[in-house]
Amino acid sequence: MKEPFLRELYTRTVQRYNRQPNEAEFGGWMDVLKEFDYSDVDAALRRWQNDVMIEEFTHRPIGARMPTPPEVKMSIQVFEAKNALSFTPCRTELCNDGWNYFYKGQFIKRGEIIPLLASAKRCKCHREWIEREKMGEKAS
Numbered sequence: 001m002k003e004p005f006l007r008e009l010y011t012r013t014v015q016r017y018n019r020q021p022n023e024a025e026f027g028g029w030m031d032v033l034k035e036f037d038y039s040d041v042d043a044a045l046r047r048w049q050n051d052v053m054i055e056e057f058t059h060r061p062i063g064a065r066m067p068t069p070p071e072v073k074m075s076i077q078v079f080e081a082k083n084a085l086s087f088t089p090c091r092t093e094l095c096n097d098g099w100n101y102f103y104k105g106q107f108i109k110r111g112e113i114i115p116l117l118a119s120a121k122r123c124k125c126h127r128e129w130i131e132r133e134k135m136g137e138k139a140s
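Going by the numbering used here, the sequence shown opens with residue 1, and the numbers climb by one from there.
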């Protein structure tokens with residue numbers, strides 16, 4: 001990630017925790033997090049800030065303290081590992097989320113097209129993913 005983008009995330013995070021920016025601390029962020037995309041770091045920081053699990057040592061929510069760069073990195077890596085096991089749709093013309101949507105008829109109201117009748121069925125990509133998952137369970 002380019003320095004200006006990481007600096008923006010770092011500055012926003014420091015402000016969120018009522019701290020002053022520190023060049024040495026930012027250097028640590030740059031060293032550890034430069035390999036990740038802006039969106040990955042931003043999402044990891046948001047997950048961290050929303051984490052209400054109580055820490056054993058401080059007895060406060062995890063999100064109440066500013067994360068260290070290795071904690072942000074670990075959050076990104078754990079999230080990516082979880083998503084690697086999940087379904088990714090083929091995103092063809094009809095498939096956006098593993099479902100094929102079919103509409104019959106339409107109604108135009110103030111320039112907005114409203115489908116009158118819709119149906120959906122699982123896309124072939126999702127059915128194949130389910131079969132691969134089943135085969136993986138049998139192999140285990």
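Careful: at least some of the hints might be erroneous.
Calculated cross-link-like contacts (lysine-lysine; reagent style BS3-like; alpha-carbon spacing at most 25 Å) [claimed, not checked]:
no., residue 1, residue 2
1, Lys124, Lys134
2, Lys134, Lys82
3, Lys134, Lys121
4, Lys34, Lys82
5, Lys34, Lys124
6, Lys34, Lys2
What the hints contain is simulated information worked out from the structure, not anything from laboratory work.
Okay, the hints, checked on the actual structure:
A C-alpha spacing of about 15 Å is found between Lys124 and Lys134, which places the hinted pair at or below 25 Å, so the restraint holds. Simply put, Lys134 and Lys82 have alpha-carbon atoms about 18 Å apart, close enough for the 25 Å limit, and the pair holds. As the CA atoms of Lys134 and Lys121 are separated by approximately 20 Å, the hinted pair is consistent with the 25 Å bound. Distance check on the hinted pair: Lys34 and Lys82 sit about 22 Å apart at the alpha-carbon level, within 25 Å; holds.
For the proposed pair Lys34 and Lys124, the alpha carbon gap of about 38 Å is over 25 Å, so the pair is violated. Distance check on the hinted pair: Lys34 and Lys2 sit about 7 Å apart at the alpha-carbon level, within 25 Å; holds.
Checked against the numbered hints given earlier, this structure breaks only hint 5.
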